Amino acid sequence: GAVVSQHPSWVICKSGTSVKIECRSLDFQATTMFWYRQFPKQSLMLMATSNEGSKATYEQGVEKDKFLINHASLTLSTLTVTSAHPEDSSFYICSARRDRGPEQYFGPGTRLTVT
Amino acid sequence: GIQVEQSPPDLILQEGANSTLRCNFSDSVNNLQWFHQNPWGQLINLFYIPSGTKQNGRLSATTVATERYSLLYISSSQTTDSGVYFCAVSGGGADGLTFGKGTHLIIQP
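Chains as they are written, first to last, in my numbering: chain A, 173 to 287; chain B, 480 to 588.
Heads up, some of the hints might be wrong.
Said to hold, decoys possible - Ranges between beta-carbon positions, derived for each pair:
id, chain 1, residue 1, chain 2, residue 2, range
1, B, Glu494, A, Lys213, 19 to 27 Å
2, B, Thr558, A, Pro280, 20 to 28 Å
3, B, Glu494, A, Asn242, 42 to 50 Å
I should point out that these hints are in silico values taken from the structure, not numbers from a laboratory. Note that the coordinates shown come from a computational prediction; the quantities given were computed from them, not determined experimentally. Cβ coordinates follow ideal geometry from the N, Cα and C atoms, glycine included.
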């Protein structure tokens with residue numbers, strides 16, 4: 173149990189367009205999901221915490237108007253990168269947490285390339 | 480926020496060797512997890528271990544919460560153990576994980 177999926181696995185988009193990434197918990201309900209970003213050969217950095225039915229909480233330095241997060245159900249959170257620029261190119265990874273504990277389970281990630 | 484330091488940053492070993500990876504953290508935690516990131520970027524959960532000792536096959540982990548460190552042991556290393564190992568923690572009312580910089584492990588045949 174505790175499987176998390178992401179879609180798409182990779183995406184290439186042109187500068188100025190928007191891209192939506194989906195994160196789903198497949199076999200459990202997740203009140204809380206998280207979005208992380210990883211640049212090449214670096215560690216993961218928390219971008220935001222997504223809570224079902226409420227506004228996301230963004231980490232300092234993350235533009236909430238650029239990275240729109242929606243957590244409309246207990247199994248789905250989406251991250252939309254608006255007006256993407258080449259510097260937004262990165263590996264985006266989501267995680268989900270069961271309601272009964274703090275352990276997080278990670279999706280396979282989405283590699284975004286903005287040309 | 481909590482600071483996480485991992486050591487060593489890089490480790491090259493021969494197949495069959497044992498290794499110890501260390502994670503130091505700066506404050507009390509309610510979550511500590513060890514991950515292995517495979518070449519495709521997927522984070523594989525190894526241990527959820529905010530305190531105590533756990534074992535899973537050739538891998539084991541120990542967290543001494545009072546001294547703010549955790550150790551990951553890999554015995555009889557195999558080439559498939561190669562990759563980056565991350566320690567991540569949360570605490571102080573924050574739910575999101577803070578990751579260390581990782582240990583890049585290379586197991587040579």
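Report the numbers of all earlier hints that the structure fails to satisfy, in ascending order.
none
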